[in-house]
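Trainee: From these two lone chains plus the hints, build me the complex, please.
Protein chains in written order, with the numbering used here: chain A, 1 to 159; chain B, 1 to 527.
The hints are simulated quantities; they were obtained by calculation from the structure and are not laboratory data.
No false leads were mixed into what you were given.
Covered stretches of chain B, going by a simulated chain A footprint (3 or more residues, C-beta under 8 Å):
| hint | segment |
| --- | --- |
| 1 | 6-13 |
| 2 | 23-31 |
Derived contacts from chain A toward chain B, CB cut-off under 8 Å, selection only:
| hint | residue |
| --- | --- |
| 3 | R10 |
| 4 | Q11 |
| 5 | F64 |
| 6 | L68 |
| 7 | A101 |
| 8 | A111 |
| 9 | G113 |
Note that the coordinates shown come from a computational prediction; the quantities given were computed from them, not determined experimentally.
Every residue gets a Cβ at the ideal spot worked out from N, C-alpha and C, and that includes glycine.
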Amino acid sequence: MNKSTNYTGRQSDLCFVTDIDNPVTEVTQAGLGITGSPKRVTGIQKVLQRYVNLMTTRVGTIEFAPSLGSILADSVHNGTASNKSYLNHIFAVASADALDAMVADDANTDAYGEPLDDEVIVSADLVDIIIDYGASTISLEVDIANQAGESAEFIIPMR
Amino acid sequence: MSISTVTQDQFTTAETLMLETVRSSYSGIDTRRGTAIRDLVVRPSSTLQAYTAENANAAAGASSLERMRQEGGDIDVDAVNAILSNFNTTYKDGDYASGYVRMVFSSNGTRLLTSGFGVTANLDTALRFEIPESLSITADSSGTLTYEEMAIGGETVYTVPIRVVATGKGTIYNIPTGTYFTPDTGLIDVVDCLAMSSFSGGAAAETIDEVIARLPVAIASRSLTNSVSVKALLSDYYGSSIAAVNLQGMMSETQQRNKVFGIGVGGYVDAYIRSFASPAITIIPKTGTPIAGGYTVTLIQAESAGVYGIRAISDWNGVYSPIDSAASSYTYASTRAIGSSLGIHKIDDTAQAAFTCYQQLTVTVYDALAGAETKEFKLELLTAPGILDMQTYCDSEAVRNTGVDFVLKTPIVARTSMNVTVYLPTGTTDTVSAIRTRIVDVINGNSFVPILGLAAIVQAIGYRVDMGPGKLTLACDITGASGVSRKITGCGDIDIRTVTDTTDYITPDTVVFAADPADIQITQIMV
Numbered sequence: 001m002n003k004s005t006n007y008t009g010r011q012s013d014l015c016f017v018t019d020i021d022n023p024v025t026e027v028t029q030a031g032l033g034i035t036g037s038p039k040r041v042t043g044i045q046k047v048l049q050r051y052v053n054l055m056t057t058r059v060g061t062i063e064f065a066p067s068l069g070s071i072l073a074d075s076v077h078n079g080t081a082s083n084k085s086y087l088n089h090i091f092a093v094a095s096a097d098a099l100d101a102m103v104a105d106d107a108n109t110d111a112y113g114e115p116l117d118d119e120v121i122v123s124a125d126l127v128d129i130i131i132d133y134g135a136s137t138i139s140l141e142v143d144i145a146n147q148a149g150e151s152a153e154f155i156i157p158m159r
Numbered sequence: 001m002s003i004s005t006v007t008q009d010q011f012t013t014a015e016t017l018m019l020e021t022v023r024s025s026y027s028g029i030d031t032r033r034g035t036a037i038r039d040l041v042v043r044p045s046s047t048l049q050a051y052t053a054e055n056a057n058a059a060a061g062a063s064s065l066e067r068m069r070q071e072g073g074d075i076d077v078d079a080v081n082a083i084l085s086n087f088n089t090t091y092k093d094g095d096y097a098s099g100y101v102r103m104v105f106s107s108n109g110t111r112l113l114t115s116g117f118g119v120t121a122n123l124d125t126a127l128r129f130e131i132p133e134s135l136s137i138t139a140d141s142s143g144t145l146t147y148e149e150m151a152i153g154g155e156t157v158y159t160v161p162i163r164v165v166a167t168g169k170g171t172i173y174n175i176p177t178g179t180y181f182t183p184d185t186g187l188i189d190v191v192d193c194l195a196m197s198s199f200s201g202g203a204a205a206e207t208i209d210e211v212i213a214r215l216p217v218a219i220a221s222r223s224l225t226n227s228v229s230v231k232a233l234l235s236d237y238y239g240s241s242i243a244a245v246n247l248q249g250m251m252s253e254t255q256q257r258n259k260v261f262g263i264g265v266g267g268y269v270d271a272y273i274r275s276f277a278s279p280a281i282t283i284i285p286k287t288g289t290p291i292a293g294g295y296t297v298t299l300i301q302a303e304s305a306g307v308y309g310i311r312a313i314s315d316w317n318g319v320y321s322p323i324d325s326a327a328s329s330y331t332y333a334s335t336r337a338i339g340s341s342l343g344i345h346k347i348d349d350t351a352q353a354a355f356t357c358y359q360q361l362t363v364t365v366y367d368a369l370a371g372a373e374t375k376e377f378k379l380e381l382l383t384a385p386g387i388l389d390m391q392t393y394c395d396s397e398a399v400r401n402t403g404v405d406f407v408l409k410t411p412i413v414a415r416t417s418m419n420v421t422v423y424l425p426t427g428t429t430d431t432v433s434a435i436r437t438r439i440v441d442v443i444n445g446n447s448f449v450p451i452l453g454l455a456a457i458v459q460a461i462g463y464r465v466d467m468g469p470g471k472l473t474l475a476c477d478i479t480g481a482s483g484v485s486r487k488i489t490g491c492g493d494i495d496i497r498t499v500t501d502t503t504d505y506i507t508p509d510t511v512v513f514a515a516d517p518a519d520i521q522i523t524q525i526m527v
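Chain B with its partners taken away, still in its complex shape (with noise of 0.2 Å):
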């Protein structure tokens, strides 16, 4: 801070105050313009003073959150994390989307791409994603990348897939599989060029509402006690993606592992963990074993560990998307078991090991075209991620709570979707992907409660929404630890306590809300 931050306002108010007190106390003194007691005492001491208050004001405001909320503004990044500093915690300042792209060409020529080299989604010109560094792209093993040469229509072409990074934070990167892109110029031969899978990990830099609501989790101790402090102990050692913390102790209806002869006892702790915001794809390469009618996929344990569903199977070299490609014809359906290795854990079967990292599960996928040879799958797996890594944390010497045995869980994903028509004015830069956006930001936002609200919905989308017949659907559907799944559809807010059962581990205190922005429909009529 220097004398230049000094406006002329709060120098004219310090001037006026000089000038006040110097008349006051000493009325046989001229300060008027053109005085020397103006130039050398009113005019110095002015500016100290100006500049004073000045550095005070700025204190006062660097030093409290509440007034920078208050006062509105960009957020002065260092001035908040000097305060949080104090809670042992960092401001988020978001985070780039990331995911692959599947190009394709119809030459397989060398080809250098060097870093800057980006892609451009079609619907949305402003999302723009690079590739990280310099690659080649060669025929043989000799590049960075190989293609995969594919026959698609009786064409031959070649295909690779390129990992990219947004150029910009924030959750409207994380486009849906099947996003179609322009590539920059200077690429020959192009046929496609498409997102492989949902991007993730896009996330908006925190608000200030956001810093303030979430500073009670920062001071909290850090132990495995209650659910505060749970996610401040897992926030502090896995980051800032713990979205929410659930804990399924001894007087829970889904604490299932501390019976005894069917009464419950304490010493016994489920820990549901919402590790993201939209709902997370882990993308694994599995070979299928021949079986009568199709392949048998097993996941091992880790791959195992934490996974809610599957969201799509296709060919690991398959050109397009499922959604897109026949590949999707691919029917599939999963078993689980408990895994062969629970630590220092009682899991008595396979509902309680459900969406721990102790379960194992096992993919058939149905092909009535399936031969004898093994076949090369790309999974695509719904997931908490990190809750591996956390359990292993948790495990630790060093953090165990002695007493109690405490197993983290993936919450039971309530997938929400939505159809939705939106009426938007002529003229306004606002865009249906930008709507979708704050339709997931609030969907995502609903962690461990009994409703989902569709007035919270509506509001966010900010412009008239036709609730008429047929115009409006809200939906989720829920797989509890058994695998079946519940269905609730409607045109109103979703009550999670229709379908709750408590031997299936569906509760309010269970579910969390999740939707991906290829699960929202919006048919916009400009008017």
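So here's chain A without its partners, still in its complex pose (with noise of 0.2 Å):
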């Protein structure tokens, strides 16, 4: 995945999907949490970061906003999602969720202003589960696409 380094004229967030600035040849694991040197994040990166930080946000733990976030986490560490079949089912209405609050975003102009096309999401795609037994952990593959053609693959570490 390139990153992106030209912000004219973008609206930039905070990188804190940590791993982003150490992109792996195929997948990027995509951990949470701010680097300790805060960069800017533009492109399809900051497509990425907001959709994995909506994903990962279990859903009625914002005050005031009880509705954003997904079932995902809550599915996974609570035993919910007992087996691939079920996840991928979960999967599917969390993304959904993720994708219709970006997406509503994204439309919303007035608020927001008019967002380039490689910072419009137009899909998110379950690529692998990952299950390691042995130390009992579970990661999504996802792969997502930009409104620019770009797309990005990457690890969400769910357990």
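Mentor: Now the structure itself:
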């Protein structure tokens, strides 16, 4: 995934997906957290960051925005998603919610301005569910695409 | 106040403002949902902004009585008191009515009534009264209360007066004499239970309008100089029951104490103090000394203070109220004299002493069956509470006006009654008792005014009223200093000016209207 460095005419965000600055050849692990040296982020990285943030935010945990987030984290952590098939279903629901919020804000140009094509998400697909039974971890490999035709594949560690 | 008091709407408003601010100042920052800026800057700032705005709003609301009035809703007593503390006064949140019920039993075994025992008015089961503390009733003197043995219709019954207190606040609990009650279950051999006399003391909590209306008095100077300052002074001393004050001084027609060779001079003030809403009743036991054809009862000066009439006289041990009892057949008359102690005041004749704490009453009770033995009577006196107490206060060195001879008086009371037919819509939850209370409140709100308007009363009733001949009567009875009664009866306004008599101290400046719930007769027709 190419890092965006052109900030002209863009609305940048603070980078908090920790490993964006350390791209791997195939996929980026999208852990959350402020890095030691905060950086600006735009383009598809920003799209990725917004998506991951919304997907991993537990719905009902943000006061005054109780519908924001998804049921993904809760479902994984409390064992509701007991198999890959059901996890697929949960992902579909959660991803749809995240996309709805992003699309709604992108369309609200009065409040947020006109987004550039490479900052508008058009799809998010689940590529694989990675379960390491030895380490008791679950990760989701996701591929997102923006309106500019770019795509990025990354891993969301869930547990 | 905490963050939890912030509403969703308040937050949304603050967040919208914050988003606009960030976007207008920093167009290169993305604040969409899911961004770090939204989570780390916009949302916390918006929450804080909403909280601050809520605090400011609450502070503004809590610092203005006018704003509380406009916003309506429940009264925050602490917030109102915080404002009123600036004016050296407090919110009046109402009082509980109390009075005595006479319970009649057919047996005289020991009875224990625990705290919480109560009685409920038969006519309005919402009116409940309870004993303030546990008590025992016994045949001998070992209990808190002792039975009185009576013979009624050939049957022996046992009676006892019990003090009860309303379970709620408000004038609606000032029930009239003779109201029948149903006691709580558990008592056996109960023959009757009824109010010995009208209950008093019940008062509703103030509205914000009433608080605002009385603030001019609250912030007035406290001195014996004008009506407002006298009311403020006495309200501070005697409490909230000072409803109205009117001073009669040098230029007043009813000021007789200042006449020198018929010419009024300064230095004398009669202060008419309304220290009651509904007519207040003081019940005292007095021993009647036999005379030809009856008894004579002499009240000492302290007992006579502020008395303006006698409501009823009955046997002290009588079972039933005077309304229902043969004891009500007593007739009586009272004479007034100047008391033996006038203190620092100049009072020249009986009329000048009338209604002050310097009058002394002697009551003659006419009873054709009177024997040679003394007899214990129950006197129900109509009086302005606290006149003696307040006069003593006004005469104290610290308060006394050194240039004026200042005497407090009970106002001339126009005892008002009403007979009205009201058409109540079927299904209404309103009650005759509540309508009666509203009528009484309107009447009792008229002090030192020339006219008691019928329109205000009809408006308070709130329903269609039959104004036809004989269907509505508004009447009042005014007794001046001479003891002569004047009656005004009609089906319209009552105008005090039609009976003005300055030599008898009756003018719009000295008269107040007062009604007891028992004086309001309502015929209800469901439509």
